[in-house]
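Colleague: In case you want the letters, here they are:
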Amino acid sequence: MAEENAPQQQSHGPSSGGMRSSGPGAGPGGPGGGRPGGPAKRGKRNFVRKKKVCRFCVDKADFIDYKKAEILAPFIQERGKILPRRMTGTCSRHQRWLTVAIKRAQNIALLPFAAEL
Amino acid sequence: MEERQYDLIFICRPDTPEADIDKVIATLESTATEKGAKIESVAKWGRKRMAYRVQKLHEGYFVYMVIKTTHGEVVKELERRLKVADPVIKYLTVRLDEELKRQEKLKRHRERRAARRPRKVAAAPAAPVAPTAPPTEQSAPTA
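Residue numbers (my numbering), protein chains in the order written: chain A, 1 to 117; chain B, 118 to 260.
It should be emphasised that the hints constitute simulated quantities derived from the structure, not laboratory data.
No residue lacks a Cβ here, since even glycine has one placed at the ideal position from N, Cα and C.
Misleading hints may appear alongside valid ones.
[Stated by the list, open to error] Derived lysine to aspartate or glutamate pairs resembling EDC-like cross-links, with alpha carbons at most 20 Å apart:
1. K67/A - D137/B
2. K103/A - E215/B
3. K68/A - E216/B
4. K224/B - D62/A
5. K222/B - D62/A
6. K67/A - E157/B
7. K165/B - D62/A
8. K173/B - D62/A
9. K103/A - D124/B
10. K67/A - D214/B
11. K152/B - E190/B
12. K67/A - E176/B
13. K60/A - E215/B
14. K207/B - D137/B
[To be verified] Pair ranges (Cβ atoms, derived):
15. N107/A - A160/B: 14 to 24 Å
16. K68/A - K218/B: 17 to 27 Å
17. Q77/A - K155/B: 33 to 43 Å
18. D137/B - C57/A: 41 to 51 Å
19. S147/B - G89/A: 40 to 50 Å
20. K218/B - D59/A: 12 to 22 Å
21. K81/A - S158/B: 32 to 42 Å
22. R164/B - K60/A: 29 to 39 Å
23. E176/B - T99/A: 21 to 31 Å
24. K51/A - P134/B: 49 to 59 Å
25. A136/B - S92/A: 42 to 52 Å
26. L223/B - A73/A: 23 to 33 Å
Between the sequences and the hints, there should be enough to build the whole structure, so can you do that?
Modeller: What follows is the structure, encoded as structure tokens:
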């Protein structure tokens, strides 16, 4: 497992490419600085996850319109289920507004409750 | 009572002639004005595909209107009319004034904050100027 991990990490962080031969020994000094995650243990699996940002916060939305189905569509599954926050990265406030908007849109047939057969 | 705002959307059968849809809108308008409500706007979205089947139909003619009123009973009456109206297959009324008020409030809040922020930025560069002044004074006596 450990041998598998090492090359993976290198491919993750292009900044560490120069110190390739030194491997895990190079540890805290070199490539660590480029990673925002901070003091990650070297031997363990290191996921560099892009931080999800609430789309509505980026747009500075004060109101989510239920009439704009094309805005709401990315936040539901094919079968009409509302996606959880952990999938979409929406903040709690906007998720609350979003669920209301989606439910309204479903009621007036702008969004599906369940996919058609 | 304060004024409330409602969104009213209804869907007609796709094969209804335009004249019948206008008739439905006209009856809604007359009942609304009769009861002291004001119809702010009417928008025909036209034929659209619905997300699911309604009364075995895939398409519908969407009409959207905004209503302002001080008494909510108007909505009841309008919904009754829609239920009775033949071409209408689906309708929805949503009360929106509270959300719009909240939106307004948040917007004002944001603008106020945006107005305040530049002043803070302006103050920050001004502060370092003062500390740098004393060293120059100190250097003068030593020289």
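Colleague: Does K68/A pair with E216/B here, judged by a C-alpha cut-off of 20 Å?
Modeller: holds, 16 Å
Colleague: Does K67/A pair with D137/B here, judged by a C-alpha cut-off of 20 Å?
Modeller: violated, 24 Å
Colleague: Mind checking the alpha carbons of K222/B and D62/A for me, to see if they're no more than 20 Å apart?
Modeller: Since the Cα atoms of K222/B and D62/A sit roughly 9 Å apart, the hinted pair holds (cutoff 20 Å).
Colleague: Looking only at beta-carbon atoms, does the pair K51/A, P134/B fall within the given range of 49 to 59 Å?
Modeller: Hint holds: Cβ distance 54 Å, inside 49 to 59 Å.
Colleague: Tell me if the straight-line CA distance from K224/B to D62/A falls inside 20 Å.
Modeller: Holds: K224/B and D62/A sit about 7 Å apart, inside 20 Å.
Colleague: Using the Cβ atoms, figure out if L223/B sits within 23 to 33 Å of A73/A.
Modeller: holds, 24 Å
Colleague: Using the Cβ atoms, figure out if D137/B sits within 41 to 51 Å of C57/A.
Modeller: At roughly 45 Å between Cβ atoms, C57/A and D137/B fall inside 41 to 51 Å, so the hint holds.
Colleague: Quick one, are K67/A and E157/B close enough, alpha carbons at most 20 Å?
Modeller: At roughly 17 Å apart (the allowed maximum being 20 Å), E157/B and K67/A satisfy the hint.
Colleague: Starting from K67/A, check that the Cα of E176/B is at most 20 Å away, please.
Modeller: Status holds; Cα separation ~17 Å.
Colleague: K165/B and D62/A were given as a pair; does the straight-line alpha-carbon distance stay at or below 20 Å?
Modeller: Status violated; Cα separation ~28 Å.
Colleague: Under the criterion that the straight-line Cα-Cα distance not exceed 20 Å, is the pair K103/A, E215/B satisfied?
Modeller: holds, 18 Å
Colleague: Does the Cβ pair K218/B, D59/A satisfy 12 to 22 Å?
Modeller: holds, 20 Å
In summary, the structure is inconsistent with hints 1, 7 and 8 from the numbered list given earlier, while agreeing with the others.
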